[in-house]
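Protein sequence lines correspond, in order, to chains A and B.
Residue numbering for the first sequence follows the numbering used here, beginning at 447 and increasing consecutively.
Residue numbering for the second sequence follows the numbering used here, beginning at 14 and increasing consecutively.
Calculated from the structure, these hints are not laboratory results.
Some hints could be false.
One side of the interface only, derived from the structure: several residues of chain B facing chain A at Cβ under 7 Å [claimed, not checked]:
| # | residue |
| --- | --- |
| 1 | Val81 |
| 2 | His86 |
| 3 | Met106 |
| 4 | Ala127 |
| 5 | Thr131 |
| 6 | Pro132 |
| 7 | Tyr167 |
| 8 | Thr181 |
| 9 | Lys184 |
Every residue, glycine too, gets a C-beta built ideally from N, C-alpha and C.
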Amino acid sequence: MALPEPRTQSRGETASAGEPSSGMVRTLGRKIRRRLVSVPLLGWLMAGIVSVALEQALGARLASALGLPKIPVLFFLGVVKEPSLAPQTLAYVAFIYVLPCWLVARLATPVANAAASALLRLPLIVTAALHIALLYGSLHYWTELSDYRLLTVKLTLIGIILTFSLNLINGYMGEFSCSHPGFMALGAYGASLVSVPLFGKSVLFAGSPLLPAALGPYAFPVALAAGGALAAAGALLVAVPSFRTRGDYLAIVSLAFMFIVKSAVENTEVVGGPRGLAGQPDWATLPAVFAVTLLCIWIINNFVTSTMGKALNAVRDNEIAAEAMTVDTRRTKTIAFLFGAFWAGVAGGLFAHVLRYINPAMFGIQQLAEVLAMVYFGGLNSVYGSIVGAVSINLMSEMFRPLEMFKWIAIPLLLILVMIYRPLGLVAFKDFDLRTLFGPGEPEA
Amino acid sequence: MALLEVKSMSHSFGGLRAVHDYNLSIGPGQIVGLIGPNGAGKTTIFNLITGIYRPSEGDVLLDGESIVGLPPHRIASRGLGRTFQEMRLWRHMSVIEHLKLAMYSRIGYGLVGAFLGTPRRNAQEREFEDEAMGLLRMLRVDRHASQLVTNLSYGEQRRVEIARALATRPKVLFLDEPAAGMNPDEMARLIDIVRQVHQELGLGILLIEHRLRVVMELCQSVQTLVFGEVIAQGAPAEIQNHPKVIEAYLGGQRVE
Chain A
447 MALPEPRTQS
457 RGETASAGEP
467 SSGMVRTLGR
477 KIRRRLVSVP
487 LLGWLMAGIV
497 SVALEQALGA
507 RLASALGLPK
517 IPVLFFLGVV
527 KEPSLAPQTL
537 AYVAFIYVLP
547 CWLVARLATP
557 VANAAASALL
567 RLPLIVTAAL
577 HIALLYGSLH
587 YWTELSDYRL
597 LTVKLTLIGI
607 ILTFSLNLIN
617 GYMGEFSCSH
627 PGFMALGAYG
637 ASLVSVPLFG
647 KSVLFAGSPL
657 LPAALGPYAF
667 PVALAAGGAL
677 AAAGALLVAV
687 PSFRTRGDYL
697 AIVSLAFMFI
707 VKSAVENTEV
717 VGGPRGLAGQ
727 PDWATLPAVF
737 AVTLLCIWII
747 NNFVTSTMGK
757 ALNAVRDNEI
767 AAEAMTVDTR
777 RTKTIAFLFG
787 AFWAGVAGGL
797 FAHVLRYINP
807 AMFGIQQLAE
817 VLAMVYFGGL
827 NSVYGSIVGA
837 VSINLMSEMF
847 RPLEMFKWIA
857 IPLLLILVMI
867 YRPLGLVAFK
877 DFDLRTLFGP
887 GEPEA
Chain B
14 MALLEVKSMS
24 HSFGGLRAVH
34 DYNLSIGPGQ
44 IVGLIGPNGA
54 GKTTIFNLIT
64 GIYRPSEGDV
74 LLDGESIVGL
84 PPHRIASRGL
94 GRTFQEMRLW
104 RHMSVIEHLK
114 LAMYSRIGYG
124 LVGAFLGTPR
134 RNAQEREFED
144 EAMGLLRMLR
154 VDRHASQLVT
164 NLSYGEQRRV
174 EIARALATRP
184 KVLFLDEPAA
194 GMNPDEMARL
204 IDIVRQVHQE
214 LGLGILLIEH
224 RLRVVMELCQ
234 SVQTLVFGEV
244 IAQGAPAEIQ
254 NHPKVIEAYL
264 GGQRVE
């Protein structure tokens, strides 16, 4: 699939020249932006910890003082559900989240910048471990206050794996694959078929676990890998006929594959058919999902930054030239496709163990729309884009949940706006460089 | 012994006879020119030898071994590098990434190395980078190494493409109209560079070119192709005055 040309000139540049009011807004915007980029990642993580601590200490009391029935679970996103409580909710968000972030940006930036530069002199792994620990810490304490939060965070992390693995195929390689829900289903059922008979309780199998529960934590990676491997095997069935030639074949074959998987599962009574499969053991804790997500980002990012992975970009931009420069294009495409499917399978396995119930209807066209939206909203060919896409679509989806059917009018409308103003997505073609990510912020000029 | 030998190669697209009984022999350090009017089949000959099409008849030997029927990437990694008339650069990749990618067949770290970022992978990536920088310096585009190719001028893009072909470590290099669309300055620089590359690396070169100046200055022998057949072959000066060549380019003389 051809990618649209990146737009060189932004619309704002031309429109605002003669209008003083929009010019002022732009200057203000630029000022805020400059202030934001001057804060290093370390600073934001510190602010996160402060916010979480503040909420743990004062959240409940503040909420009752403001007259809220309970603490706002997902920032201000509940406003859509309870518009009458909007001022109180916004006040809560301002006090718990915005104020600490603003204070950190204001006061702690020099300290955080100095710390970030000092950390860069240490081995990268130490710096990375510290950042990861801070991020995990704030997520852990934030999700402690509400099970709904915990579920949303887990599903968002799974969304990141899905988005990044699909971005590998649709963004980095420039093909158009529609079979991700199918791979997810294969992964979900594959992993469940390892975990449920051996460790879970299900009427479909022996009824009681075959192995002691103490082995569970070791078996979880095995179950996920089995799910991933099953998905990759399914991907081979799609890849062999589709990668003989270039074109729209993959889109059609992969779409068909998705429906085949769905109806195959619906008609297999051993795994519960359309009633689904329940009884997965409770393995998908936040640390487990978080660790798998990091592993996925690390491995896929290693791949796409190596010369072997850059071959995907070459195949996308000009396949004949890639072939003439010694690249085995068919092998490259097949490997990337299987690799993406593997991670979709792993995500499916996690998904099954988070919800502890799966049925074939979960892996249909709706799921496809969601994951495609995440990829194209966030940005093609980019790690940041995958994270931004997965997080924002997941949060928006929670925000618009009270709108029920109008949710799927609101989100596509936003998607259309993104496609008009940023045809490649919000943060496309941005390299993921740990040194810049962990380094000090840009100085305010 | 010749590096590249083409023996009575023919090819037709459906009923159209594109190339008929084509022969070629290039030794180390030899530059052969291939000229002819538009549509004569010059690029088709490139595509036949490099494996994009499979010749209907005849044989192609690289280093004494037949390469007919091999996929293009195999032929390329055996030592046949090429550039394209329409450049075919990868527009979302930087200059140095182009060259590193052309070393694809030499990657030794495997999939596991790529996934896990092993020290071996990092060492080889650095080796590739050093080699790529050397080639970029030779082609005088090293200062743009980390730029996207689309940010370079036309002449520079052409040179990046030659550097990319050289990064495959070819024994024989095919250049498809390297001077197309260049102004006289850029053309003079290109001639210098091709000559220098040729001297330093000792490659055999097959050159398709419309600009007579390039052919005259660089080639030791020239073939003229008309409707898929070689009608004249020889030193540049002979070819320039060959009656059949003049007829092909300017049309026949009507004798009243």
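Interface restraint verdict for Met106 (chain B) against chain A (beta-carbon cut-off 7 Å): Given a least distance of 6 Å, the restraint on Met106 (chain B) holds.
Hint Thr181 (chain B) vs chain A: min CB-CB distance below 7 Å? 5 Å, holds
Would you check whether Ala127 (chain B) satisfies its interface hint, that is, whether its CB is within less than 7 Å of any CB in chain A? Where the cut-off is 7 Å and the nearest Cβ of chain A is about 4 Å from Ala127 (chain B), the hint holds.
Return the status of the interface hint for Pro132 (chain B): holds when the least beta-carbon distance to chain A is below 7 Å, violated otherwise. 13 Å, violated
Interface hint compliance - Lys184 (chain B) to chain A, C-beta minimum distance less than 7 Å: 13 Å, violated
Tyr167 (chain B) as an interface hint toward chain A, with CB separation required under 7 Å: 17 Å, violated
Closer than 7 Å between Cβ atoms is the bar; does Val81 (chain B) clear it against chain A? Give me holds or violated. 17 Å, violated
Should the hint that Thr131 (chain B) touches chain A count as held when the rule is a Cβ pair under 7 Å? 9 Å, violated
Holds or violated: is the Cβ of His86 (chain B) closer than 7 Å to a Cβ in chain A? Holds, because the Cβ-Cβ distance from His86 (chain B) to chain A comes to roughly 5 Å (cut-off 7 Å).
When each numbered hint is compared with the structure, violations occur for hints 1, 5, 6, 7 and 9.
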